[in-house]
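Visitor: Residue strings, one per chain:
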Amino acid sequence: MDKGLLAYLLIPLLSAVIIPFAARSRARLADILANVTLLAGLLNLAWLALRPSVIAGGFADIPGDGFSLLLVGAVYLVGLCVTFFSAWFMEDGQANRPAYYSLILASVSAMTGVVTTTDFFTLYVFIEVLAVTSFALITTDESTKGIEGALKYFFLTFPASALIIVGISILMLSLGSLSFETLRIFMASDVPPGPVTFAAALIMLGFLIKSGVVPFHAWTPDAYQGAYAPVSAHLAGIVTKISGVYAVVKLATLLRFFDGRAAALSEMLMFLGLLSIAVGALAALRQKDFKRMLAFSSISQVGYIVLAAGLGTPLAIMGAIFHLVNHATFKTVLFLNSASLEKSAGTTDMEKLGGMEHSMPWTSWTSVIALLSTAGVPPLSGFWSKLLIILALWEAGLRGYAALALLFSLVTLAYFMVMQRKVFFGKKTQAAESAPEVGAPLLAPVVLMSALIVALGLLFPYFYAYAKMVAERILL
Amino acid sequence: MTYHNLLFVLAVFFALWAVTAKKLLTSAIMLALLSVTVSLIFFDLGAPWAGVFELSVCAGLITVLFIGAVSLIRSDEEKHPEGRARFYALPLALAAFGIAAWFYLPPFLEELASWRRMAAGTTTLGLAIWDLRRPDLLGQILMLASGVFVIKSVFPRRTEK
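Listed in order, the protein sequences are those of chains A and B.
Mapping to the numbering used here: the first sequence position 75 is 75, numbers consecutive.
Mapping to the numbering used here: the second sequence position 101 is 101, numbers consecutive.
What the hints contain is simulated information worked out from the structure, not anything from laboratory work.
One should not assume that every hint holds.
Just the calculated beta-carbon pair ranges, DEER-fashion [unchecked claim]: (1) A/PRO192 with B/HIS4: 33 to 43 Å; (2) B/TYR104 with A/ILE185: 28 to 38 Å; (3) B/VAL12 with A/MET172: 23 to 33 Å; (4) B/LEU16 with A/PHE158: 22 to 32 Å; (5) A/ILE185 with B/PHE97: 25 to 35 Å.
Reference listing, derived: stretches of chain B covered by chain A, where coverage requires no fewer than 3 residues with Cβ under 8 Å from a Cβ of chain A [stated by the list, open to error]: (6) 29 to 38; (7) 47 to 58; (8) 138 to 152.
All values derive from a computational prediction rather than experimental measurement.
Ideal placement from N, C-alpha and C gives every residue a C-beta, glycine not left out.
The shape of chain B in the complex, shown without the other chains (with noise of 0.2 Å):
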C-alpha cells in the first residue's frame, strides 16, 4: 500500500515538475518519469500489457521524438523571457487540490488497493517485459540508441555555427 501510494505522489511531483522546468529538456526528461511511474502503477494494478504498452510508447518513444525536437531548436530561441507569472498560483491551486484530495483520495486508493489484492501475482513486471515482450525490448533500446546518435548528429552542426 505504501509502495502504491508513493507511486502516486511520484507521478504528482514528476507531472508537477514537468510542466514547471525552465528547460524544455528537463522536462521531456520528467515527462518520461511521468511514464515509467504510471506504467509501474499498471502493472501494480494487475494491467501488465497496459504497463509495458505505455513504458515502450510514453517512456521510450514519444521521449526520443521530444529530445529530438528540443535539440532542433536554436539556442537563441530559448532566451526569450517567459511569463512565470502565473506559476505563482500554483501553491494556492496545491491547497485547493490537496483539500479536494483529503475528502477524495482515500476511498478511491482504498478502491484501487482492492484491484491490486486481486490481481495480485497473476503477472510480474519482469515476467511481462521479459516472457510476453521480449522482442520489444531491442526494439526499446535501439530506439534508445537512435535517440542518442539523432543528438550527435544535429548538436556539432549547431555548435559549428
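In isolation and in its complexed conformation, chain A is listed as follows (with noise of 0.2 Å):
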C-alpha cells in the first residue's frame, strides 16, 4: 500500500464515521462536513502535484507511481462536485441525509484504497466495500427503478467477484504471493507463464464485467438510469471506473501486454474494447431518455480505454489514463447537467424536453462542452486523449483498430448532436416553459468541471509530460 497516500483513505473514513453523530440534530452539518472534507483533500492534493516547482521539474518529484495520485485527484473532485451538487439537490426533510453523505465518503475512501493498493485481495477487499457503498446509493430516494438497477448491479457483479477470487486464489497458488511487484517481474522473467495467465484472465473477466464492457453490459443502464440522480453521476463518472477500468489497465501493466507474453489476452481485450465502442455507440443513437444515452455513451468510451489498456504500449497507456481522468470530467458534467434537468423539468425524457436553452443557458452550455469533449473535437481535453489512443494504435500497426475507433468517434458526435437538439435546441415544448434554470449552487459544480475540460485540453503539454512520467514509472 501506498503509505504516502494513506491519509487520503483514513481522513473521509473517519469524516464518514463523525458525520451521524454530528448531524444529528441539526442534518446540514452532514453537507458541510463532506464537503469540507474533500474540498481540504483536495486542495491538499493540489498543493502536492500542481506546485509550480514541481511542474518546472517535470513532475519528477511526485511521490509513488503518479498514477494513484491522479487517480486519488479524480476521486477527490468528482466526489466534491457530488456532494456539493447534492446540498442542494436534496429534499431537506430527507430522513437518511446524514447517511448518504457517510456512504459518499466511504466510496471515497474506498475508491482511495483501490488505487492506493499493490496488493490483489487487498484491492478485493476495497472493491467489495466499494460494491457495497454503491448498492446502497444507487437505492437513496427508493423510487422501483433505483431498486431494479441496484438489483441487476448486484447480480451481475456478484458473479465478477467471485471469478476475481478463483483468479486470486489460482495466483497465490501458481506465484505463491498476491502483490503486483511480484506478478510483474514474473511476467518480465523467461519462465513460462502457465496457470498465471489463466489467473490473470479470470481476475480480469471479473473486472471487465464491473466495468459493463459489451457483453457484460446488462446492468449498466439501468443502474444509471434508476439511480438517484447525483448517485448517477458519481456512478458513472467514477466508481464503475476505479471499481473495473482502473483495474483492467492496471492489471494489462502487469501483464506487460506489449512484450508479447500474454498475447491472446491482449488481443481478446482489444477486441472487446472494440466491440464496446461499437456498440455503445450504436445504441446511444437509439435511446429515448437522456439519462439512459449517457449510459450507453458511457460503455462506448470505457471502450476506448479497454481498448489501449489491451494495446498496452506506452502511448496507449497513457491515452487510457488520460482518457480515464477525461471520463470522469464529462461525464460527471453531463449526468449532473441530467439532474438538473430532472429537477427543474420533471423529466429526463428526451421526446418531452425541447428548446430547454432558453430557460437553462448554462446547463445548455455546459453540457456542448461536455459531448464535445466527449466525441474528441479538439482543443477540449477528449480529443487529445483519443488522438493519443489512434495513434497508438496506428504505431502498432494496428490500422483497422484505428480506423473503426475514429468512425465511431464520429458516430458519438453524431448522437449527442441529436441529443443537443433535441432536448436544448429547437421549439420550445410545454415542459421547457415551465422550468427556469437551476440555482447557481447546482451549476458551480458543472461550470467548474466544464473549466477544467477547456483547461484540461488547452494545457496538454503540462498533462503530456505527467502522463509521460507516469507511464515510465509503471511500464518500465
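Each of the two chains sits in its own frame; use the hints to bring them together as a complex.
Guide: Structure, rendered in C-alpha cells:
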C-alpha cells in the first residue's frame, strides 16, 4: 500500500464515522462536513502535484508511481462535485441525509484504497466495499427503478467477484504471493506463464464485468438510469471506472502486454474494447431517455480505455490514463446536468424536452462543452486522449482498429448532436415553458468541471508531461 | 487440544443456531460467528492465509451483504408464519450424529491435532493479520463502517412508511 497516500483514505473514513453523530440535531452539518473534507483533500493534492516548482521539474518530485495520485485527485474532484451538488439537490426533510454523505465518503475512501493498494486481495476487499456502498447509494430515493437497477448491479457484479476471487486463489497457488510487484517481475522473466495468465484472465474477466464492457453491460443502463440523480453522476463518473476500468488498466501494465507474453489476452481485450465502442455508440443513437443515452455513451467511452489497455504500449497506456481522467470530467458534467433537468423540468425523456436552451442556458452550454470533449473535438481534453489512443493503434500497425475507433468517434458526435437538438435546441415544449434554470450552487460544480475540460485541453503539454512520467514509472 | 475441540463444538453450535434462528438478522450474525470460529480453526491448523481470507470474506464481507439484504426486507414480510415442524426432528438427527461422532470423530481430531503440532510456532494469528495483511484490516474496518451506513440509510425510510 502506498503509505504516502494513506491519509486520503483515512480522513474521509473518519469524517464518514463522525457525520451521523455530528448531524444528529442539525442535518445540514452533514453537507458541510462532507464538502469540507473533500475540498481539503483536493487542495492538499493540488499542493502536492501542481506547485510551480513541481511542474517546472517535470513532475519528478511526485511520490509513488503518479498514477495513484492522479486517480485520487479524480476521485476527490468528482466526490466534491457530487456532494456539493447533493447539498442543494436533496430535499430538506430527507431522513437518511447523514447516512447518504457517510456512504459517499466511505466510497471515496474505498476508491482511494483501490488505487493505492499494491496487493490483489486488498484490491478485492476495497472493491467489495465499493460494491456495497454503491448498492445502497443507488437506492437512495427508493424509486422502483432504482431498486431494479441496484438488484441488476448486484446480480451481475457478484459473479464477477467470484471470478476475481477464484483468479486470486489460482494466482496465490502458482506465484505464492499476491503482490502486484511479484506478478510484474514474473511477467518480465522468461519462465513459461502457464496458470498465471489463466488466473490473470479470470481476474480480468471479473473486472470487465464490473466495468460494464460489452457483452457484460446489461446492468449499466438500468443502474445509471434508475439511480438517485446525483448518485448516477458519482457512479458513472468515477465509481465504475475505479472498480473496473482502473483494475483492467493496472492488470494490463502488470502483464506487460507490449512484450507479447500474454498475446491472446491482449487481443481479446482489444476486441472487447472495440465491441464496446461500437455497441455503446450504436445503442446510444436509439435511446429516448437522456440518462439512458448517457449510460450507453459511457459504455462506448469505457471501450476506448479498454482498447488502449489491451494494446498496452506506453503511448496507449498514456491515452488510457488520460481518457480515464477525461471520462470522469465530462460524464460528471453530463450526468449532473441530467439531474438539473430532472429537478427543473421533472423528466429526462428526450421526447418531452425541447428548447431548454432558452430557459436553462448554463446547463445547455456546459453540456455542449462536455459532449464536444466526449466526441473528441479539438482543443478540448477528450480530443487529446482519443488522439493518443488512435496514434498508438496506428503506430502498432493496427490500422483497422484505428480507423474504426475514429469512425465511432464520429458516431459519438452524431448521437450527442441529436441529443442536444432534441433537448436543448429547437422549439420550446410545454416542459420547457415551466422549467427555470437551476440555482447557482447547482451550476457551480458543472461550470467548474467544464472549465477543467477546457483547461486540460489547452494546457495539454503539461498534462502530457505528467502522463509520460506515469507511463514510464509503471511500465519500465 | 481442549481449545481446539472447543472451537469445533462452537462451530457446530453457531451453525445450528444459524439455521434454527427465527430472525434473519440473528441468523446472519450467527453465520458470521461461525466463520470467525472456522477461521480460528484454520489458524490453529497452521493455515494463516486461509484463516485471514475466511475472516475477511466470510466474517466481514458476506455478513455486511446479508445484513444489508435483511434490512431491505419489509417488516410485514417477516410476519409470515413459518413451518417449524421439521425442526422437531432435530434432536433425533443430533442423536444420530452423536453416535456416529463417537466412532469417527476421535481419530479425526487426533489427526488434526497432529497437524496442529506440526504447524505449531510457524505463524501466529497476530503476525498473520498484522504483518502479512495489514491493509486488509483497513478494508475490513471500512467494510463494517459501510455496513452500518447502509443500515442507517435504509432503515429510516422504512420506519417513515
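Visitor: Look at the Cβ atoms of B/VAL12 and A/MET172 and judge whether their distance stays inside 23 to 33 Å.
Guide: Given range 23 to 33 Å: holds, Cβ gap about 29 Å.
Visitor: Quick check: the region 138 to 152 of chain B, covered by chain A? Criterion 3+ residues, Cβ under 8 Å.
Guide: Three-residue rule met by the region 138 to 152 of chain B, so holds; n is 12.
Visitor: Taking the Cβ atom of A/ILE185 and the Cβ atom of B/PHE97, is their distance within the range 25 to 35 Å?
Guide: violated, 50 Å
Visitor: Can you let me know if the beta-carbon spacing of A/PRO192 and B/HIS4 is within 33 to 43 Å?
Guide: holds, 42 Å
Visitor: Range hint 22 to 32 Å: satisfied by the CB atoms of B/LEU16 and A/PHE158?
Guide: holds, 27 Å
Visitor: Please verify the coverage claim for the region 47 to 58 of chain B: does it have three or more residues whose C-beta sits within 8 Å of some C-beta in chain A?
Guide: holds (count 4)
Visitor: That 28 to 38 Å hint for B/TYR104 and A/ILE185 (C-beta), does it hold up?
Guide: The hinted range 28 to 38 Å is violated for B/TYR104 and A/ILE185, with Cβ atoms some 47 Å apart.
Visitor: Are three or more residues of the region 29 to 38 of chain B within 8 Å, CB to CB, of chain A?
Guide: Since three or more residues must qualify, the claim that chain A covers the region 29 to 38 of chain B is violated, with 0 doing so at under 8 Å.
Against the hints set out earlier in the document, violations occur for numbers 2, 5 and 6.
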